[in-house]
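Protein chains in written order, with full-length UniProt numbering: chain A, 1 to 329; chain B, 1 to 314.
Among the hints, a few may not be true.
Where chain B lies over chain A, by a calculated footprint (3+ residues, C-beta under 8 Å) [stated by the list, open to error]:
hint, stretch
1, 98-106
2, 113-121
3, 223-234
None of these hints come from the bench; they were simulated from the model.
The beta carbon of each residue, even a glycine, is placed where N, CA and C say it ideally should be.
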Amino acid sequence: MSVLDVDNLRTTLNLNGRACHVLRDVSFRVAEGETLAIVGESGCGKSMLAMSIMGLLPSVARITQGHVVLDGHALEKEPERAMEKIRGARIGMVFQEPMTALNPVFTVGAQISEPLRDHLGLSRRDAREAAIELMEKVRIPSAASRYTSYPHEFSGGMRQRVVIALAIACGPRLLIADEPTTALDVTVQRQLLDLLDHLQDEGRMGMLLITHNLAIVAGHADRVVVMYGGDVVESATVRDLFRNPAHPYARALLASLPRVDRDLSELASIPGRVPPLAGLPDGCRFKDRCPHAMDICEQMPPPTEMPGEAGHNVRCWLHVEGGEHAADG
Amino acid sequence: MLRYFGRRVLTLIPTLFAVLTLAFVLVRIVPGDPALIILGDQATPEAIARFHSETGLDLPIWQQYLGFLSELLRGDLGVSMISNRPVLTSIMEVLPYTLELSLAGVAVGVSFGVPLGVIAARSNGGWADWAVRILTLGGLSFPAFVSAVMLLLVFSVWLGWFPVISTGKPITDPVGRLMSLALPAFSLGLVMMAYVARVTRGGMMNVMRSDFIRTARAKGVPARRIVWKHALRNVLLGVVTFTGLYFSVLIGNSVLTEIVFNRPGLGKLVVGALERRDYTLLQGLVVAYAILVVLVNALTDLCYGAVDPRVKTE
Numbered sequence: 001m002s003v004l005d006v007d008n009l010r011t012t013l014n015l016n017g018r019a020c021h022v023l024r025d026v027s028f029r030v031a032e033g034e035t036l037a038i039v040g041e042s043g044c045g046k047s048m049l050a051m052s053i054m055g056l057l058p059s060v061a062r063i064t065q066g067h068v069v070l071d072g073h074a075l076e077k078e079p080e081r082a083m084e085k086i087r088g089a090r091i092g093m094v095f096q097e098p099m100t101a102l103n104p105v106f107t108v109g110a111q112i113s114e115p116l117r118d119h120l121g122l123s124r125r126d127a128r129e130a131a132i133e134l135m136e137k138v139r140i141p142s143a144a145s146r147y148t149s150y151p152h153e154f155s156g157g158m159r160q161r162v163v164i165a166l167a168i169a170c171g172p173r174l175l176i177a178d179e180p181t182t183a184l185d186v187t188v189q190r191q192l193l194d195l196l197d198h199l200q201d202e203g204r205m206g207m208l209l210i211t212h213n214l215a216i217v218a219g220h221a222d223r224v225v226v227m228y229g230g231d232v233v234e235s236a237t238v239r240d241l242f243r244n245p246a247h248p249y250a251r252a253l254l255a256s257l258p259r260v261d262r263d264l265s266e267l268a269s270i271p272g273r274v275p276p277l278a279g280l281p282d283g284c285r286f287k288d289r290c291p292h293a294m295d296i297c298e299q300m301p302p303p304t305e306m307p308g309e310a311g312h313n314v315r316c317w318l319h320v321e322g323g324e325h326a327a328d329g
Numbered sequence: 001m002l003r004y005f006g007r008r009v010l011t012l013i014p015t016l017f018a019v020l021t022l023a024f025v026l027v028r029i030v031p032g033d034p035a036l037i038i039l040g041d042q043a044t045p046e047a048i049a050r051f052h053s054e055t056g057l058d059l060p061i062w063q064q065y066l067g068f069l070s071e072l073l074r075g076d077l078g079v080s081m082i083s084n085r086p087v088l089t090s091i092m093e094v095l096p097y098t099l100e101l102s103l104a105g106v107a108v109g110v111s112f113g114v115p116l117g118v119i120a121a122r123s124n125g126g127w128a129d130w131a132v133r134i135l136t137l138g139g140l141s142f143p144a145f146v147s148a149v150m151l152l153l154v155f156s157v158w159l160g161w162f163p164v165i166s167t168g169k170p171i172t173d174p175v176g177r178l179m180s181l182a183l184p185a186f187s188l189g190l191v192m193m194a195y196v197a198r199v200t201r202g203g204m205m206n207v208m209r210s211d212f213i214r215t216a217r218a219k220g221v222p223a224r225r226i227v228w229k230h231a232l233r234n235v236l237l238g239v240v241t242f243t244g245l246y247f248s249v250l251i252g253n254s255v256l257t258e259i260v261f262n263r264p265g266l267g268k269l270v271v272g273a274l275e276r277r278d279y280t281l282l283q284g285l286v287v288a289y290a291i292l293v294v295l296v297n298a299l300t301d302l303c304y305g306a307v308d309p310r311v312k313t314e
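Here chain A stands alone, though its shape is the one from the complex (with noise of 0.2 Å):
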């Protein structure tokens, strides 16, 4: 049974009385114990994604289409103080920044020890003592002492051990980790990414990995979903990916990664940028910067096909049986 649903799912953002979709058609699903990526480069939409999921988008922007499903319960029609008793509680949240992520005028102790209060009714002694468990599960060292220490006396690494242990104190059923060590050491980013799978096997949590990172998507992620200008451009287990990217977008970011065994020299980049969100385009997103646009790619966004085995989807009119000729019939 899949941990989040996300069914056809569409954010449009009012800029100046314009409405347009920074989420289009979005569909994906996390099983229990899964970790689902979603890659792409920056401005594609992954944290609007995030947002949407948790209901925190900024006032301007509203879910007009589509389910957000978490254990069978539609999460989009949701009042605030509905959404107040789920986040925390069943969706725990990482995020990109450490270093602003944590309250400066309260303890870490206390920051861990809120939700507990608030979710699991602990009382102020219990949640202390289930706080500095938690503080112990992230391997932060001398927990016991640390309880009352500021976020200001902690390196990145550890605050984000701190943040992380916020996220999973009420046992989420689902872990959603907005490039969670972008902003970190390389040496830590390792152990995070390793204690983050640690920490979801034990709770069989379903996490959605956000992420530019493909070597992170490589070792970490059992699937992969590739989004691009807000659209899931196609998604697919890591290993399909890694060997048969199907969409032009997928083929050019896989190409721009450095590997061992061919020359620095053959390193792709991917010409062009990323529409704004004001200019997003009608047709296909990419269009633009794809080396394959045709006319049809101008006039509609493509369909989501099944081009290889199951589980592989890709967005893209080059996948679509007869799909230059479409424009036309």
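Fit chain B to the given chain A structure using the hints.
Showing chain B alone in chain A's frame:
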């Protein structure tokens, strides 16, 4: 914490020293011989010489300065040139009134300003925001003496809720004392309230955009607690700084308030000393104000260490 405070107090000494020197110099560079003002134009040269030697004005300026400092160190501010009462006694008599007025003014400014600022920030562009903006604009653009007179007119003369003249009530009559404090404190705190509301609103708008507020929302903290606890605690750092800075302005404004409401206090003493050219009393008052401001600054630093854990107190 104690060492932190001790260090702060030590750094006050040079400041205090400079201010005291300034007070000494200021009183002496005012043109005109105090002897002539006090004894009158018709005074004989003998009388003037006698006055000079009695008050020490015939000594070289450096001796006067040393004498001033050594007396100050012994807690002696001299005697009034007019009434011959010790200056320190006159000051200590009315100091409690000025202190209670200033503190009450700050209390009004903060306890009304902070919630108004938070409400304005939360409504951001809504009707509550506009109401607070208009209210604070009003608070800022009315001179204190105008608002004081209006308050007197409405609440004392028309409604009769508060006494018109708040002459010093003894501490044994706490209700009377509070009633006579209410209007002056409100009048004095009004402008501060407006500033504090603006500082709070601005701070709140900034803090609500921070990452840690997003973290708090992501862990399911109820909206109300996010605003009044998680965000406000951070905004208060700015409010404390502002309050400390503004306190000296407020003490200055209290002079006017004391006169409009006819309250005893340092302000009335200052005006009397100025009118009668009582230089020793004036000098003593400048010293008293200087010590007050410097102490408030030290207190602000102390508060800052208490609200912001990042301030090194060890």
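In rising order, the numbers of the hints this structure does not comply with: Hint check: 3 fails alone, others pass.
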